[in-house]
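Residues per chain are reported as follows:
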Amino acid sequence: MKQLVHKTALPVLLLVLWYAASRFGRISPLILPDPESTIRGLIALVQNGDLALNGYVSLKRSMGGFLLGSFLGVSSGILIGWSHLWEDLLDLLINFVRAIPKTALAPLFIVWFGLGDTSKILLIAFSSYFFTVIPTIEGVKNVDALYVKTARSMGAGEWQILRGVVMPAAMPAIFAGLRLTVTTALIVLVMVEIIAGNDGLGYLLQEARGNLDMATMFATLFALGVLGYCLDAGMQYLGRVLMPWRKGKTLSA
Amino acid sequence: MDLEIRDLRKVIDNRKHSAVVLDDLQLRIGSGALVSIVGPSGCGKTTLLEIIAGLQAKTHGDILIDGVPVEKSSANRAIVFQQYALFPWLTVQKNIEYGPKVRGLSRSDRKRISRIHVEMVGLSGFESHYPHELSGGMQQRVSLARALAIDPDILLLDEPFAALDAQTKEKCQQELLDVWEETGITILFVTHDICEALFLSDRVFLMAANPGTIRDCIEVDMERPRRNSLRLDTNFRTKEAQIRSFLNDGASEFEIDQRDRCPVRLARSTRLHSIG
Numbered sequence: 001m002k003q004l005v006h007k008t009a010l011p012v013l014l015l016v017l018w019y020a021a022s023r024f025g026r027i028s029p030l031i032l033p034d035p036e037s038t039i040r041g042l043i044a045l046v047q048n049g050d051l052a053l054n055g056y057v058s059l060k061r062s063m064g065g066f067l068l069g070s071f072l073g074v075s076s077g078i079l080i081g082w083s084h085l086w087e088d089l090l091d092l093l094i095n096f097v098r099a100i101p102k103t104a105l106a107p108l109f110i111v112w113f114g115l116g117d118t119s120k121i122l123l124i125a126f127s128s129y130f131f132t133v134i135p136t137i138e139g140v141k142n143v144d145a146l147y148v149k150t151a152r153s154m155g156a157g158e159w160q161i162l163r164g165v166v167m168p169a170a171m172p173a174i175f176a177g178l179r180l181t182v183t184t185a186l187i188v189l190v191m192v193e194i195i196a197g198n199d200g201l202g203y204l205l206q207e208a209r210g211n212l213d214m215a216t217m218f219a220t221l222f223a224l225g226v227l228g229y230c231l232d233a234g235m236q237y238l239g240r241v242l243m244p245w246r247k248g249k250t251l252s253a
Numbered sequence: 254m255d256l257e258i259r260d261l262r263k264v265i266d267n268r269k270h271s272a273v274v275l276d277d278l279q280l281r282i283g284s285g286a287l288v289s290i291v292g293p294s295g296c297g298k299t300t301l302l303e304i305i306a307g308l309q310a311k312t313h314g315d316i317l318i319d320g321v322p323v324e325k326s327s328a329n330r331a332i333v334f335q336q337y338a339l340f341p342w343l344t345v346q347k348n349i350e351y352g353p354k355v356r357g358l359s360r361s362d363r364k365r366i367s368r369i370h371v372e373m374v375g376l377s378g379f380e381s382h383y384p385h386e387l388s389g390g391m392q393q394r395v396s397l398a399r400a401l402a403i404d405p406d407i408l409l410l411d412e413p414f415a416a417l418d419a420q421t422k423e424k425c426q427q428e429l430l431d432v433w434e435e436t437g438i439t440i441l442f443v444t445h446d447i448c449e450a451l452f453l454s455d456r457v458f459l460m461a462a463n464p465g466t467i468r469d470c471i472e473v474d475m476e477r478p479r480r481n482s483l484r485l486d487t488n489f490r491t492k493e494a495q496i497r498s499f500l501n502d503g504a505s506e507f508e509i510d511q512r513d514r515c516p517v518r519l520a521r522s523t524r525l526h527s528i529g
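For the record, the sequence lines run as chains A and B. Going left to right, the first sequence walks through residues 1 to 253 as this note's numbering numbers them. Going left to right, the second sequence walks through residues 254 to 529 as this note's numbering numbers them.
Next comes chain B alone, as it looks inside the complex (with noise of 0.2 Å):
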């Protein structure tokens, strides 16, 4: 599923304090791909995600899900977020049939969803666990799968891995691919780890803060499926040491190689490489 995004913004005006969080930004995204978001902290990302996913109301713009128009938030646009934030009262399985049970699905329903994507993210035999008796990586899994167990078009990651181990990160990391490979899910990711945009996308958004718009846009013409080797690879350090240098420099004396650049309002639906 394609999603869009025009001339979005959002102020927030209240007594304590008004501020322009999100002004002019504009994104789109071809079905199926999988494209990361990276930005200084606070420059208006998990905002950005929330208005996506209907959790916010914006200000002025639109969204628009194959060219419809959408404000309130549905099944079809999942989001995990960083805390995982799932529901300490109910086991493993619970936890994942949360969304099928709220959408009305039948218990027998219910469990054949679950088992699906227990067995997707790898965590067979834990299904009567709470989740306090799980790891962290553990737990984002069970974030993970509860998200996708909704069958949604559009997947919002909200730095999901940012509170992970590094190891572990990179072992979540792949298995995402894998998840994305196996369902050809559209996923929108959002983080502020350069290298885990640049591993897992095929383009890389960028953001500046104050007010919060997407500046510009990195293309990683980089071959699928991505192994770690690829993280040494010259062309993804270039990249990298380009990211890096806007997010610590601001726009102004930011270059982008213009073979890597690509245009942030134009419609890219083709996904850059080939399943199987």
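Just chain A, same shape as in the assembly (with noise of 0.2 Å):
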């Protein structure tokens, strides 16, 4: 009861805050809808389906995306990590194309894959690899030399030990990544729909505001905020469910 106080007391104080500022502070509902109408919004949305249809499109995307991206990632992360040839044949490439920002690829991925879906999809994966491949190349490098020394011993060849010792090893690591990813991917989704969609909540987005409809635009981000958390914490349970061993191990606890 008392983590419950703790956990709601400061979203709560900001609503009371966004509501007292929005009803008394005299700030015009262009700039700041209150909340009431925001709800409002936000049943419409729902009630037209124009949530449901734009938050599938984008959901759609988002996981095609990253699921794509962050399997190549995870998998190619493993090779670099263990094997020094996969490492100097990708090390510099990876490092260089990463270093360009994602969002700077979005004209391009325009060009070659056009204004549909494939453009994307195939530009949140790209950047869901990198946000893949880094944790993956340093968790696999992490392992502790004692495990794989031991399989050794005990006359496990390479394809056991990568996948008996390595993977699991490496996996916290990994996760902790993909974490991260899920959240990127829908940095991508959003900013790829507003400059060139004609659905998805990012599109949902630019349209409030040409509108200069205000609570569809903060019921929208309402809407990104949860699907963005559910993610989070979907992975969060994925990761309880694969790592059972990791139950009840965190620092603040």
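Just so you know, these hints were derived from the structure itself, not from any lab. By construction, the Cβ of each residue, glycine as well, lies at the ideal position given by its N, Cα and C atoms. Keep in mind that a hint or two might mislead.
[To be verified] Simulated crosslink set (BS3-like; lysine-lysine; CA at most 27 Å straight-line): (1) B:K364 x A:K149; (2) B:K347 x A:K141; (3) B:K347 x B:K325.
[Said to hold, decoys possible] Part of the chain A face toward chain B, derived, beta carbon under 10 Å: (4) K141; (5) N142; (6) T150; (7) A151; (8) R152; (9) G155; (10) G157; (11) G164; (12) V165; (13) P168; (14) A169; (15) E207; (16) R240; (17) V241; (18) M243; (19) W245.
Starting from the two chains in their separate frames, assemble the complex, guided by the hints.
Here's what the structure looks like:
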């Protein structure tokens, strides 16, 4: 109960401040809509199906890109972290391309892959790849050499060591990377939907701006927050299922 | 199984530094014996064990098991490290099953093997615990059970009890002796704890550093089964003092009673006690 109070105190305070500011602060609703009209905007979005339709489109793009990019990121990261040959082959290329802000590639991807889903999914995948590959490489490199020695002393082959020792040992680091990647996938998604889209939550924001419909804009932002929060919670849940041995192991606990 | 090391030499030579880690190292352990190597830290004890286990390459010399040279690691030599090295993502049972699994044994065989070894180290009831849920002593027992589960002929132990408190350590030593009696396995035990080496072993090899080599060997002709009261025995204390002076002063001022000395190169495969 006490924990619940601690966890909700700040959000509730912010809501009260928001309400007070829009009600008594003489702030134009074109700058800050009041909570009630935001909720009405949200209800309208739910009722007319805009939220479900655009939310689905956005979820599909972000998850498609995330899954594709992180799959490639994890698998190549394991190879690079494990083998010096692969590291030498790919290190320079990865670090150079990684240095280019992914958003800067949006115009290029649009030229190459068009205005539809393909360019959006590929750009999200591209960015997800780089956010996954680096923690995976680090995770594999930091696997305790004793685990590998132990497995080798029992006669385990390279593939057995990679699958049975390196992958589980690196999994906490990989999962930390995946959690960040989900968040960045949403960033890239919204950006690319704002600059080139006729559907999706990013497009909804852009349209709301055009209509000076601040309630819809706030409602969409809220929906994006819920989406991001749920995806992150889902990743954490998946982490607990896949790494049951980590149960109760946190620094602050 | 009989282990013999002839003229072993290990040189590390890379861009950062080069050093002779082991040189002219001779060692012979008879089948079923329990022998220790004592030496100052940094003398190459761990390197020696890892070479025997096939985890490091040697520069020169031979490792012979029953007269046959070995290079790569294989299931006939198991190694246990000081830091336990248990896989944190596997339960006690799955940790013990790891070796049998790598060797492709069936599920039911793995289960049977892990049950035997869980019992052997007295951890029944903890099969589904994760390593971090166990105490240090228990973790080291799991580590021992995991090594034994691959059914090795030679068990290599690298300061396995060094991280344990005194009481747990003595308990683990006793348990190791029980396991040894039960299995008849050959054990090579590396430690810097002189009492531990004397208490456990048939013979104690003394190792010197720079380069690491076996300098001498002390016969521990004390009756088995060994009891904790042995640690207070005069003979035991004398030998302890001898080894201590070797470790402190180096070989030059080192004198071992000739009756206690046994040749480093000579083969002796008879065990000094009888079981039962």
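Interface hint compliance - V165 (chain A) to chain B, C-beta minimum distance less than 10 Å: Because about 7 Å separates V165 (chain A) from the closest Cβ in chain B, which is inside the 10 Å limit, the hint holds.
Given hint P168 (chain A) near chain B, where the shortest CB pair must fall under 10 Å: 4 Å, holds
Interface hint compliance - A151 (chain A) to chain B, C-beta minimum distance less than 10 Å: 7 Å, holds
Per-residue hint verdict: M243 (chain A), partner chain B, C-beta under 10 Å: 7 Å, holds
Hint check: 10 Å Cβ-Cβ cutoff, T150 (chain A) to chain B: 5 Å, holds
Interface hint for E207 (chain A), Cβ within 10 Å of any Cβ on chain B: Given a least distance of 48 Å, the restraint on E207 (chain A) is violated.
Satisfaction of the A169 (chain A) interface hint, Cβ to chain B closer than 10 Å: 7 Å, holds
Given pair status - K325 (chain B), K347 (chain B), alpha carbons within 27 Å: 25 Å, holds
Agreement of K347 (chain B) and K141 (chain A) with the hint, judged by alpha carbon distance not exceeding 27 Å: Answer holds: K347 (chain B) to K141 (chain A) is near 24 Å, not above 27 Å.
Interface hint for G157 (chain A), Cβ within 10 Å of any Cβ on chain B: 8 Å, holds
Interface hint outcome for R152 (chain A) [beta carbon to chain B under 10 Å]: 6 Å, holds
27 Å Cα cutoff - pair K364 (chain B), K149 (chain A): At roughly 24 Å apart (the allowed maximum being 27 Å), K149 (chain A) and K364 (chain B) satisfy the hint.
In summary, the structure is inconsistent with hints 4, 5, 15, 16 and 17 from the numbered list given earlier, while agreeing with the others.
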